[in-house]
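K.L.:
Spelled out, the chains give:
Protein chains: 2
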Amino acid sequence: MNRLVGILFAVIATNGVGFAQQQDSIFLRKIYDEALSRGKAYEDLRSLCKDVGARLSGSSQAEMAVEWGKARLEAYGFDTVYLQEIKVPHWERGTKESAWIKSNKELIPVKILALGGSVSTQGTRKAELVVFKNLDALRAANKSQVAGKIVFINQPMDEKMINTFKAYGACYAIRGEGAIEAAKLGAVGVVIRSLGLPSDDHPHTGSMHYDEKVAKIPAAAISTEDANRIQKMVDQKLPIEFIFEMDCRNYPDATSYNVIAEITGSEKPNEIITFGGHLDSWDAGEGAHDDGAGIVHCMEALRILKVLNYKPKHTLRVVFFMNEENGNRGGMSYATWTKARGETQIAALESDRGGFVPRGFACDGSDQQVRFLQSLEKHFKPYELHVFEKGYGGVDIGPLKSEFPSIPLFGFVPDSQRYFDFHHAESDVFEAVNKRELELGCAAISSMIYLLDLYF
Amino acid sequence: MNRLVGILFAVIATNGVGFAQQQDSIFLRKIYDEALSRGKAYEDLRSLCKDVGARLSGSSQAEMAVEWGKARLEAYGFDTVYLQEIKVPHWERGTKESAWIKSNKELIPVKILALGGSVSTQGTRKAELVVFKNLDALRAANKSQVAGKIVFINQPMDEKMINTFKAYGACYAIRGEGAIEAAKLGAVGVVIRSLGLPSDDHPHTGSMHYDEKVAKIPAAAISTEDANRIQKMVDQKLPIEFIFEMDCRNYPDATSYNVIAEITGSEKPNEIITFGGHLDSWDAGEGAHDDGAGIVHCMEALRILKVLNYKPKHTLRVVFFMNEENGNRGGMSYATWTKARGETQIAALESDRGGFVPRGFACDGSDQQVRFLQSLEKHFKPYELHVFEKGYGGVDIGPLKSEFPSIPLFGFVPDSQRYFDFHHAESDVFEAVNKRELELGCAAISSMIYLLDLYF
Chain W
1 MNRLVGILFA VIATNGVGFA QQQDSIFLRK IYDEALSRGK AYEDLRSLCK DVGARLSGSS
61 QAEMAVEWGK ARLEAYGFDT VYLQEIKVPH WERGTKESAW IKSNKELIPV KILALGGSVS
121 TQGTRKAELV VFKNLDALRA ANKSQVAGKI VFINQPMDEK MINTFKAYGA CYAIRGEGAI
181 EAAKLGAVGV VIRSLGLPSD DHPHTGSMHY DEKVAKIPAA AISTEDANRI QKMVDQKLPI
241 EFIFEMDCRN YPDATSYNVI AEITGSEKPN EIITFGGHLD SWDAGEGAHD DGAGIVHCME
301 ALRILKVLNY KPKHTLRVVF FMNEENGNRG GMSYATWTKA RGETQIAALE SDRGGFVPRG
361 FACDGSDQQV RFLQSLEKHF KPYELHVFEK GYGGVDIGPL KSEFPSIPLF GFVPDSQRYF
421 DFHHAESDVF EAVNKRELEL GCAAISSMIY LLDLYF
Chain B
1 MNRLVGILFA VIATNGVGFA QQQDSIFLRK IYDEALSRGK AYEDLRSLCK DVGARLSGSS
61 QAEMAVEWGK ARLEAYGFDT VYLQEIKVPH WERGTKESAW IKSNKELIPV KILALGGSVS
121 TQGTRKAELV VFKNLDALRA ANKSQVAGKI VFINQPMDEK MINTFKAYGA CYAIRGEGAI
181 EAAKLGAVGV VIRSLGLPSD DHPHTGSMHY DEKVAKIPAA AISTEDANRI QKMVDQKLPI
241 EFIFEMDCRN YPDATSYNVI AEITGSEKPN EIITFGGHLD SWDAGEGAHD DGAGIVHCME
301 ALRILKVLNY KPKHTLRVVF FMNEENGNRG GMSYATWTKA RGETQIAALE SDRGGFVPRG
361 FACDGSDQQV RFLQSLEKHF KPYELHVFEK GYGGVDIGPL KSEFPSIPLF GFVPDSQRYF
421 DFHHAESDVF EAVNKRELEL GCAAISSMIY LLDLYF
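So the sequences go chain by chain: W and B.
Going by my numbering, the residue at position 285 of the first sequence is 285; the numbering climbs one at a time, nothing skipped.
Going by my numbering, the residue at position 281 of the second sequence is 281; the numbering climbs one at a time, nothing skipped.
Among the hints, erroneous ones may be present.
The list treats identical chains as interchangeable, and a pair is accepted whether it falls inside one copy or across any two copies.
In the DSBU-like style, the derived pairs of lysine-lysine whose C-alpha atoms are separated by at most 35 angstroms in a straight line are [claimed, not checked]:
id: 1; residue 1: Lys378; residue 2: Lys87
id: 2; residue 1: Lys30; residue 2: Lys160
id: 3; residue 1: Lys381; residue 2: Lys111
id: 4; residue 1: Lys87; residue 2: Lys105
id: 5; residue 1: Lys237; residue 2: Lys381
id: 6; residue 1: Lys166; residue 2: Lys378
id: 7; residue 1: Lys184; residue 2: Lys30
id: 8; residue 1: Lys126; residue 2: Lys339
id: 9; residue 1: Lys378; residue 2: Lys30
id: 10; residue 1: Lys96; residue 2: Lys378
id: 11; residue 1: Lys311; residue 2: Lys143
id: 12; residue 1: Lys268; residue 2: Lys339
id: 13; residue 1: Lys216; residue 2: Lys166
id: 14; residue 1: Lys50; residue 2: Lys70
id: 15; residue 1: Lys96; residue 2: Lys306
id: 16; residue 1: Lys30; residue 2: Lys213
id: 17; residue 1: Lys133; residue 2: Lys70
id: 18; residue 1: Lys70; residue 2: Lys160
id: 19; residue 1: Lys232; residue 2: Lys70
id: 20; residue 1: Lys313; residue 2: Lys232
id: 21; residue 1: Lys237; residue 2: Lys339
id: 22; residue 1: Lys149; residue 2: Lys70
id: 23; residue 1: Lys160; residue 2: Lys313
id: 24; residue 1: Lys105; residue 2: Lys166
id: 25; residue 1: Lys126; residue 2: Lys30
id: 26; residue 1: Lys313; residue 2: Lys111
id: 27; residue 1: Lys232; residue 2: Lys111
id: 28; residue 1: Lys184; residue 2: Lys268
id: 29; residue 1: Lys50; residue 2: Lys184
id: 30; residue 1: Lys378; residue 2: Lys126
Since the hints were made in silico from the structure, they are not lab data.
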């Protein structure tokens, strides 16, 4: 059956309330009962956060995370558990950073986190600080304003945006491109206001880029509170010197792995439904919401289907992707690898927006595929999910689109309000995840995979 | 205009997308901007929790809360701020409780909280512990099984229920009626498993009742972890003695107050829209979610409308109700008092389900009134609210129904998943409330009051 005709058929079929829908309703209730009463996700997350910890690509923690993931998946007894070897970038923060601002001979310590990929300061770097409100303002500046100075870009995330990911997206460029734009004008360093929503005292890191044609200058984030403090000094026309030291190092690419587990399809084993999160994390905090939650969401989703003795038509494959944070090598390698094996990827789902209370799912796909997603909403009504709309899938599953152009990518959508309290920061620890909210996410994803297997 | 015809008209009027809806859309955006960018609610909540603290009716903290509330409302410059005098019960926990379980000569300390209203143990009380799984099992027991013993009712909240308030409702009777049923069979004390969802180490208190025809026995809650520990010992057939001391005291009724602030209606000043939360709290924690959040939600909702220079048609009245937790004297007195003043109460709204991310509103009203509520959903789409349905209003506004039978009561519905982590327990502190989630609640309530004033 043609895939699109199949979708249309499924939309019609699932819109009729009948025996099948009743069976689905009973099965979803079983999924939720298992997740909420006998769930393993919270303990799995505790173990990943506390026994392994933060796990940046190429680090020994990331290596341990691979072992951890393989062992957990094997313990759950899935049909197949294996590793897909990949090469990942290997950047390390080195010795903990230190920084100060100096103004009128007063020295104030500032917490900083090097942005991921930054070069070292090569000892202490100090220079006058020059402030810009966003990247456009920096781009509009003259070399004479910037050369020899350290640039501070103080663009706050817009707290008025209801969807916090949109507020994040609007600021993303200061982290990604700030060092390039500052260096073009001769700056000797760049400091950004953290991409975090609350006013608090810890910086948020994240990936940044260089341009091979432009000098590489060290780049760091400071907390929103320190950003506000500096802005106040700037508004008072106080001269500010910024002093920092960072010991970042780039190493040759390292060997690492995507960790994979499957329940083999009973009818169409070569047609795959891929779902996962990313196993790597930034090196601050414990990578609990980002993306320990996604890892345990998906492992638990498959475990529940197995415990309930569900025999999928298609192969259900969980992938713990490596290196989402600074390279997406896991996602890219996976897409070419599955294509080369002659597999057909029929749908993919990612959880990488935290372990918060579920709101629904987004679909990066055709209008028909979005309508299919919308046809599933009725199944989730008892579970208070209400977002079933066109939207973003996920970074790791994104490359599948190049290899399988008609594949729909589904993004799990939890509530976004608290995500940027924790994102890429020392606050992203196990204790920041609520057990029940996490479990509801597992059940939602397990239910979605079941419905995709049956009806897509 | 007849109220019901008015509702129908409003439903039709607000269903057409036109100039009015566009104006409303702009105004709601202003409300949200004020709440999210220049909001006062979070600092108000900090002050209520930290400067006043827990505030049980009749306590000096409750007295200070009244002063605090009046002063804050006056500082915001509303048209009128005043107190409504009431009488409230005055129960005190007394010296901190202590308890142990003793089994095979091993002595294990147990954290307890007297249930609100309990009598003292009159020194140490110790007796064999007899366990029942719920109130029906206790009711079915014989006197010989219970007489002279301490009854432990170990009914867990059902974590499989998606709406946690339903799980709470299903267990409520063990706290409210447990002492009566146990005493009927000659028990000398009753201990309940806390009405809390997570497995944790602190008890949750709450109100309980006596029957004047039955002996009054002391009643306490233990944590879910201790409840599980005791159950395990019971399952192992270990003999268990329970030992506890509580120093609870009942005092004569005390004078207290509902705290009231208004913006006077420009067209119909005698027609009132009442909205509020309750100012009293249990004496564990700081009453942050229950119901400090409701207090600052409603104060902020009115402040925003004032700052935006909104001139309401009807009188908008915020009420900080006193004594919701153990008597509802504030709610009952308010209903008779407003009726006696010849006022017309046209709609009421309560926030008493915590400071979590908003989901929507429930309406305790006629089908037409529920349809009116549903007609407002479109205004809240940009703000991710999606619950607009028949449901519960609130304890404090409940008595208004007796005096104004056709009044619709609206309950603010935040997400319920984390509420019973904190309810009536030492964990219900300021730090458990997320700033942004709180502010989104203020904006939702302010918007709702605006729409009620315009269209109801």
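K.L.:
Looking at the structure, which of the earlier hints fail to hold?
P.N.:
1, 3, 4, 5, 7, 8, 10, 11, 15, 16, 17, 20, 21, 22, 24, 25, 26, 28, 29, 30
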